[in-house]
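**Q** Sequence:
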Amino acid sequence: MFTRTLALAGLSTLALASAAMAEITVNDPYARSSGPMAMAGAAFMELVNSGDEDDRLIAVRSDAAKRVELHTHLSDDSGVMKMREVEDGFPVPAGGHHRLKRGGDHVMFMGLNHPFEQGATIPVTLVFEKAGEIAVDIPVDLERQDDAHHGHGDMKMGD
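Residue numbers (mature numbering (1 follows the signal peptide of the UniProt record, and there is no 0)): -22 to -1, 1 to 137.
Note that these hints are calculated values from the structure, not bench results.
Treat the hints with care, since some could be wrong.
[To be verified] Below are the DSS-like pairs computed for lysine-lysine, each with C-alpha atoms no more than 30 Å apart in a straight line: (1) Lys108 to Lys79; (2) Lys108 to Lys44; (3) Lys60 to Lys44; (4) Lys79 to Lys44; (5) Lys60 to Lys79.
[As the list claims (entries may be wrong)] Label-pair distances were calculated between CB atoms; the ranges are: (6) Ala113 to Val58: 34 to 40 Å; (7) Ser56 to Ile36: 28 to 34 Å; (8) Arg45 to Tyr8: 16 to 22 Å; (9) Gly110 to Arg77: 20 to 26 Å; (10) Pro101 to Val58: 31 to 37 Å; (11) Pro69 to Ala16: 27 to 33 Å; (12) Gly57 to Pro93: 16 to 22 Å; (13) Val114 to Arg45: 15 to 21 Å; (14) Lys60 to Thr99: 27 to 33 Å; (15) Ser12 to Arg62: 26 to 32 Å; (16) Val105 to Ala72: 17 to 23 Å; (17) Lys44 to Glu111: 18 to 24 Å.
We treat Cβ as the ideally placed atom computed from N, Cα and C, and that holds for glycine.
Using the sequences plus the hints, can you model the full thing?
**A** So, in structure tokens, the structure goes:
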């Protein structure tokens, strides 16, 4: 009887922990590169957390490139925008969202294994601290124009 009560208590605790976890939805993902010979590309999307706990995108994995990192653009002392890796990831607040967009935070693919072709999809795995792994097929849209209008061809990689 004690073992059964202990098992039920454990399941109740697990159910409560699951209900309080971050619940991430990925909206409007797309990827692009600067051209068919480009060695790098980027992906953008909105991460929505409908859960009760803050979460954080901490990594992205994909076979589309030799390296996949989380990046942002920062202005240096002379006003030149440079891309930098964000090693601690991007926060996604409880009940809120975090937008990865051109000219800002984004997923960076370096050393593309194949060109990003219009209409193709890039399979990725987003890794969150609390929500865990989420697999997403990101469509390639080389024609899309966003508000930022920043291409990656004019950005310099940081040290």
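**Q** What are the numbers of the hints the structure violates, in ascending order?
**A** 12, 15
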